[in-house]
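Order-wise, the sequence lines are chains P, G, X and U. Each residue of the first sequence is one higher than the last, beginning at 1 in this note's numbering. Each residue of the second sequence is one higher than the last, beginning at 10001 in this note's numbering. Each residue of the third sequence is one higher than the last, beginning at 20001 in this note's numbering. Each residue of the fourth sequence is one higher than the last, beginning at 30001 in this note's numbering.
Certain hints may be false.
To be verified - Below are the DMTMM-like pairs computed for lysine to aspartate or glutamate, each with C-alpha atoms no more than 20 Å apart in a straight line:
| hint | chain 1 | residue 1 | chain 2 | residue 2 |
| --- | --- | --- | --- | --- |
| 1 | P | Lys-447 | X | Asp-20072 |
| 2 | P | Lys-514 | G | Asp-10019 |
| 3 | P | Lys-128 | G | Glu-10101 |
| 4 | X | Lys-20087 | P | Glu-744 |
| 5 | P | Lys-627 | G | Asp-10165 |
| 6 | P | Lys-53 | G | Asp-10288 |
To be verified - Some chain X residues near chain U, calculated using beta-carbon distances under 8 Å:
| hint | residue |
| --- | --- |
| 7 | Trp-20008 |
| 8 | Glu-20016 |
| 9 | Arg-20064 |
| 10 | Arg-20065 |
Derived from the structure by calculation, the hints contain no laboratory data. In this text, a Cβ means the ideal position worked out from N, Cα and C, and glycines have one as well.
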Amino acid sequence: MTQKNRLAEGGRIDRAKPVSFRFDGASYSGFEGDTLASALLANNVHLVSRSFKYHRPRGILTAGAEEPNALVQLRQGARTEPNMRAPQIELFGGLVAESQNRWPSLEFDIGAINNRLSRLIPSGFYYKTFMWPASLWMTYERVIRNAAGLGRGPTEPDPDRYDHRNAWCDVLVAGAGPAGLMAALAAGRSGARVIVADEQSEMGGSLLSDTGEIDGKPPAEWVADALAELAAMPEVTVLPRTTVAGYYDHNFLTMLERVADHLPQPPQNTPRERFWQVRAKQVVLATGAIERPLTFIDNDRPGVMLAGAVRSYANRYAVLPGRKVVVFTNNDSAYHTAIDLAGAGAHVAIVDLRKAPRGAVIDAARAAGIEILDNHAITAVHGAKRVTGISVRNLDESGRGVTGPTRSMACDLVAMSGGWNPTVHLFSQSRGKLRFDDALAAFVPDKSFAAERSVGACKGSMQLAECLKDGALAGAAAARDAGFEAKKVPAIPKVASGTEGAMLPVWVVPSGQKLGRGGKHFIDFQNDVTAADLHLAHREGYVSVEHLKRYTTTGMGTDQGKTSNVTALAILAELQQAPIPAVGTTTFRPPYTPVTFGAIAGRNIGPFMDPARLTAMHDWHVAHGAKFEDVGQWKRPWYYPKGNESMHDAVNREVLATRSSVGMLDASTLGKIDIQGPDSARFLDMIYTNAWSKLPVGACRYGLMLREDGMVFDDGVTTRIAENRFLMTTTTGGAARVLGWLEEWLQTEWPEMKVYCTSVTEQWATIAINGPYARHVLGALTDDDKLGPKDFPFMTMREMTVAGAPARVYRISFTGELAFEVNVPRRHGHAVWEAVWQAGQKFGITPYGTETMHVLRAEKGFIIVGQDTDGTVTPMDLGLDWIVARKKGDFIGRRSFARPDTSREDRKQLVGLLTEDPHAVLTEGAQIVQETRPRPPMKMIGYVTSAYHSPVAGRSIALALVARGRDRIGDTLWVPRLDGGQPIKVTVTEPVFYDKEGVRARG
Amino acid sequence: MSKYSIFSLARNALSYHEDWQRAWRSPDPKPEYDIIVIGGGGHGLGTAYYLAKEFGYKNVALLEKGWLGGGNTGRNTTIVRSNYLWDESAALYEHALKLWEGLSQELNFNVMFSQRGVMNLAHNLHDWRELNRRVHAIRLNGIDSEILTAAQVKKEAPIFNVSPDSRYPIMGASIQRRGGTARHDAVAWGYARAADARGVDIIQNCEVTGLTIRNGKIEGVETTRGAIRAKRVGVVVAGHSSVLADMAGFRMPVESNPLQALVSDPIKPVLDCVVMSSAVHVYVSQSDKGELVIGAGSDLHVSYSQRGSFDIVEGIMGALCELVPMVSRLKMMRQWGGIVDVTPDRSPIIGKTPIDGLFVNCGWGTGGFKATPGSAHVFAATLAKGEPHRLAEPFALDRFHSGRLIDEAGAAAVAH
Amino acid sequence: MFLIDCPWCGPRQQTEFHCQGEAHIARPKDPDALSDEEWANYVFNRTNPKGVHFERWVHNHGCRRWFNVARDTVTDRILAIYRMGEKRPKVKS
Amino acid sequence: MAKSTQAAAHSPLANRIGPDGNPVALTERAHLGKINLRGDAGDKAFLDGVARAAGVAPPVKANTVATAGTTAILWLGPDEWLVVTPAGGQGAMESSLTTALAGQHVSIVDVTDARTTIRISGPRARDTVAKACPLDLHPREFAAGQCAQTLLAKTDVLIHQVGDTPAYDLYVLCSFSRYLWDWLADSAKEFA
Ligand SMILES: Cc1cc2nc3c(=O)[nH]c(=O)nc-3n(C[C@H](O)[C@H](O)[C@H](O)COP(=O)(O)OP(=O)(O)OC[C@H]3O[C@@H](n4cnc5c(N)ncnc54)[C@H](O)[C@@H]3O)c2cc1C
Ligand SMILES: NC(=O)c1ccc[n+]([C@@H]2O[C@H](COP(=O)([O-])OP(=O)(O)OC[C@H]3O[C@@H](n4cnc5c(N)ncnc54)[C@H](O)[C@@H]3O)[C@@H](O)[C@H]2O)c1
Ligand SMILES: Cc1cc2nc3c(=O)[nH]c(=O)nc-3n(C[C@H](O)[C@H](O)[C@H](O)COP(=O)(O)O)c2cc1C
Ligand SMILES: [Zn+2]
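Produce the complete structure using the sequences and hints provided.
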């Protein structure tokens, strides 16, 4: 196809590299250097989308990030992306895009019926209806939901990868137009670390569309020279295609670099996008300005564009979006567009809201033969899917109405300018305060909050000379404040200076009709908010800007109101008869433009979502078919099924083997803390509920740790290694928390205590050998022959060599069996485990996992903190009164026991439960009632914390926390079931089901 | 109050919507009221409404320092459910849920309460146990709740990855089908309109700057719009509760932490229910407008700035893209924060204060939106009678002295 | 995300630290002498000010030291950082 | 049987093969001797004692490393150091420190096996690490001879810059080491 609107020469496209692409199924061609928007315009395609609510036909409004209309579904299949802004999509060969939010086609869209019904569905209509009958709301809602939304999300996982980058710099420059480039040059020359980022594919900003001269060079050449100089500076990083997205506290900024979005797909191993997190000492914001549309009737027709954008398309992309152009403006800037378009061969007329504007640029326009209708307004736009013409009338004396005859003008393009809004988004995110500038009729930065400077158009400097100067001074100053004195501030380039005539703010262009009649004055193009909607919201009392925003949804689209917010505020101010600054702005929030979820996630997905911690014996477990359980970040063997064994069968086998012969468990994950110093015992007295001073060296003791509120928060066995040295063990999940807890008390409350804590969790691999033959197995692996109960009694520790490794062996038992916990330096863990396994063969040694461990400990009534406790349980509730040393003095949490609630009689207490049916295993978490009722509600008196089938008991067992539980031993209670079946009858028992006297462990 | 309906909408369409009334008046404060409610969030507005409607109070003022709903009411992820563990909580939140079920009709304002179901995922055995405990308790309290297998999760929310090979595999979930979402702003506006219609003075841009207390009794408030007298004052200011308590000279077990949320750009429906995962701190739903509304975890530091630290957003994004791989190419359109008033047991504080006549309703933390109607209703009763409503009683401030906490935090709960 | 100047390691990103709540809450010397209310005041009550907050942070992914920070909870500006045991400085928000 | 023979030693990364050269190389420095040392940096007796035992006093300047021959003492905190010796040297170091510091309030703990060490080097080593490390690794801020405890890809690491190429030694808890290794290898792919 021909590119009907392509100019014969000029532009920054590469005519040697034609590119073909498809939009809505049709093939077109463009050139490298085009955006999807410029290429569509080159092909005279203006209708590109349908609006959110009314399904109005829409075209391309802008040439940049602020685009509210031209959102497309880009790419197909797993790589498809909704809501992509056509002016920011770089063209590549094979690009496929589709219009959105229309059915069956863009040209013929059933949803456009909404436009017909628009009077029934003004802002906020849904709050007023769909309430009857109440039961139908969910049906109405489905219809609303299906109508809403724009593009379609992908339905397949993303094939691309994303990456992160953390960076620190002295000066971050956001935006690389004239102001930004000067700032980067000035800062860079000082030797400071500079990052300069611009969202566009090419650096240069407005200069890429400009036609003047800088230092006697065409702007683009000046840009190239500046970039060459920056590239030669080793401490300067130049990042095109990089949007500064968020400006957070303490000069922390995020940036999205589109590394490969301009390619059909990323090269192998190249991330599609890279998300930068930058800590900058100083920031220079040079983000330019965004043009405002004028608010006239049907200003949303395809072919109505922003004047600056039209100029960009003409100069930068060599595209003339229309041949017969009406420029509609309230300020001088659009005259440049008019002049450049006329120069490119278009027929141009200017409709200026101002009366008799004067100045060089106006003279130049006249000189170019352009007709200027001053003091005029556009009162109608003709054509639905493309502008075919307009009507204009004279403004009346007040400027708020029109008068005189209507003149129609045929045209295929309207280029409008309502003035410029400095791009203060990042400034505002940094908590800078805005000021309303009456001359610009726009908000500009006032007081900085962060270490930041705004320069150029984003600060309100609309003249090139000023922008260059701003940039140079701010760049040098920023470097200086970051500790780098510039050797010399770069000379400020020379440009022709000009003055601009004043602009005339007209927030709603009069049409001769009342608002809301005859046509629509669009404010927020994307969310279909009109001036009449704002009036309605105000009328109904939504007078705060924030209410106005939320009631009408102004500024809540993907463009976040870049082209609409200020106009909306101004209209609200008029309605309130208040000055615009008194009305205030809504809050600017990150990101500046939408940021891909995947990029924020980076490579933190799949196995990198969260580290998996592995023990020294992990490979062995894998090789022996273990199933794993996630415990915190750890992967722990859960059970080791043999063949097709179910979990139930495997656990039965593992339990029985351990009870009758010998089993082995990888217990390496338990936390271990080395505690040293003369005050260690005194310290433990405060940390634990029981007393430690008299514990003999070499002996072990179980301890409970409480929070100040008296509730149990960790437990474990601690061993006195030497007079002033202890080895504390903690739960797997609690290891880091407990170390932090100890350090907190030592560093903040008792700095005078001489105690040092060091985590040694990972120094040791721990193999728990449990069962009647445990001693035999250990004996086979050590020369130490004093393993008998006299020489090596229960609850003591001994150092010895086990299977050739130096070991600390603890005679402690979490199973109730004769047990040795063999700790060896981690490097030997695998070998010693293997040796234990070999040595145990003749006893049928059985590796067991956490599930079996749980059964074994539950049979003995040993608790697991976090399972049998939940942060609301005291030691007394657990029946562990014996561990609370009431006489030793204070300890953490003790005082809380004296509070009325902790001494209440009807607290929940740990008990055992036996089901009437020995095969019924209760559900952990199931609730317990004293009396059943045919249906809820039922009064609950406790719940099941642990429940298993106990192979040694030959029946199910359970632990539970039950109100007044110990008084109820022998009572019958009920456990209702979720499936509605008969509640399960249970008897309350002591929470110990096996070897109540505890002889086996001591043997 | 002119009634909202499809007919009034049609009628007004004929007059180009030029005849709609203000949803609420904007009166100047009177010198004295019977009751002053401080805080124009959903809870405060609802309190004012129920005072007028249920308890016949005609002379009530609601004072809001900024704009109605500008606090957490206007910035939450709108999840509504009543599946709480402890009896006291379940009773309170279920009271709220029942009121939600008729709220649009009651207020004549469509608050878009959408009972699309709320799912809580379990990723490991610990989660699973806790989930069972909850579901059993909830059911025995007479509240709906079900357990889903991973396959059923996939059916309810097909975009979720239920592969067992995932780093945090989905073992299953609980679902409360009566739970869902509501349009947060509409809740504030609907209550405001209905309260105004019953004579409540709703006064915006009126910040309470001091409390007038004599002999341990409240006598009125000082505001940026002058002093106002009242013998009963209810403080419902969420994140600012400590500030008001400080004016009254007492301290509370509350910390104000940032909690963040974000939305994606709007897309056609892909998710029909609310999904939450406490293990990875993500919760997500899709609004009626099409954005995915995503909540993140909260920061641990105190802040009144309505913004949190970015690493929290980064953290949840990894989890979200792992749980829901197809959202990877969607985009974060906007992010924001709120100031949540967190108590040590993650349960609210409702009732008396050390000052006679001064009542407080706060501590809803990361999860009070769902309670709005219930909280407002019991607080109105408390203010009206001067004694705590039956459902509010367990939530008294003095539970921290006695130790009788209602520990929704202890049992590894998600509070949103 | 804050930049926190660890008194030992220098400026580091907030991700390396943990906020541990209000500072200068001394553990009562004789808990038994306190009423339930006074004990609750120590265990649970916090000033939670809108303005300058004295709080404890720990450099838990760095030197593992606890230290104090004075921060304005409205602006989130850090006004002072001082080591454990040092006196609460006079700061203005 | 295994009783008397020395037990075999396994390092957690023994079977991991990483990128082996340009522009990034990964190798494990398995089993380096490591002693966690705590004591009072303000106490001359302590500094002298360590100097006697290790050949060099512990650095008191934050985030620096003191070396003597094959021994390096890495600053971990104001009262905490990691003494690193060649593989197998930890036993001797532990006992000479114990002797030299006898009677003082110190803590000397052998943590040789708790962490392993990943050496990452090559022209893109810095970029590989910087993707997910909150530390400023620019040579002006962090150069050879410096160390810091920080986070790397959600993992606690002690990072020691050992060369200008650059090269870093990353001390990581063994349980995390495979994760970190895989993460680094994946991170480096982009530069291959
Ligand atoms: C990001 C986020 C997500 C959340 N997600 C959920 C969720 O999914 N589900 C859920 O149930 N809950 C959620 N919550 C919690 C929920 O938003 C709150 O618990 C609830 O909205 C609190 O309502 P409120 O009316 O008490 O407070 P607010 O809405 O905060 O209202 C308090 C009002 O008091 C005003 N005020 C303060 N000081 C003064 C003064 N001195 N004078 C006058 N007025 C004053 C404030 O301006 C404010 O408007 C979330 C919160 C956040 C921040
Ligand atoms: N009234 C007028 O005539 C008028 C109005 C506006 C601009 N101008 C002219 O425009 C020029 C302004 O120069 P300037 O340097 O201030 O602005 P610029 O528009 O030339 O450059 C700003 C650059 O910042 C980029 N940018 C914006 N936000 C960004 C973000 N968040 N992240 C990354 N990049 C971002 C833009 O894409 C652009 O490239 C001057 O020449 C001025 O005369 C004139
Ligand atoms: C449920 C919910 C949905 C939202 N949807 C949008 C949205 O579609 N577009 C948008 O710009 N903001 C949306 N927001 C965010 C608001 O714009 C705003 O950020 C939030 O209410 C906090 O207010 P603030 O940013 O003014 O402080 C939404 C907020 C909530 C609570
Ligand atoms: Zn530090």
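How the hints compare with the structure:
Proposed proximity of P:Lys-447 and X:Asp-20072 is supported: the alpha carbons are some 19 Å apart, at most 20 Å. For the suggested pair P:Lys-514 and G:Asp-10019, the alpha carbons sit about 14 Å apart, so the restraint of at most 20 Å is met. Under the criterion of a C-alpha separation no larger than 20 Å, the hint pairing P:Lys-128 with G:Glu-10101 is consistent with the structure, at around 17 Å. As the CA atoms of X:Lys-20087 and P:Glu-744 are separated by approximately 18 Å, the hinted pair is consistent with the 20 Å bound.
Distance check on the hinted pair: P:Lys-627 and G:Asp-10165 sit about 12 Å apart at the alpha-carbon level, within 20 Å; holds. The straight-line distance between the Cα atoms of P:Lys-53 and G:Asp-10288 is roughly 13 Å, inside the 20 Å bound, and the hint therefore holds. Against a cut-off of 8 Å between C-beta atoms, the interface hint on X:Trp-20008 holds, since the closest Cβ of chain U lies about 5 Å away. A cut of 8 Å between beta carbons decides the hint on X:Glu-20016: the least distance to chain U is about 6 Å, and the hint holds.
Using the Cβ-Cβ criterion of 8 Å, the hint placing X:Arg-20064 at the interface with chain U is satisfied: the shortest such distance is roughly 6 Å. The criterion of a C-beta within 8 Å of any C-beta in chain U is met by X:Arg-20065, whose closest approach is roughly 6 Å, and the hint holds.
In summary, this structure violates none of the numbered hints.
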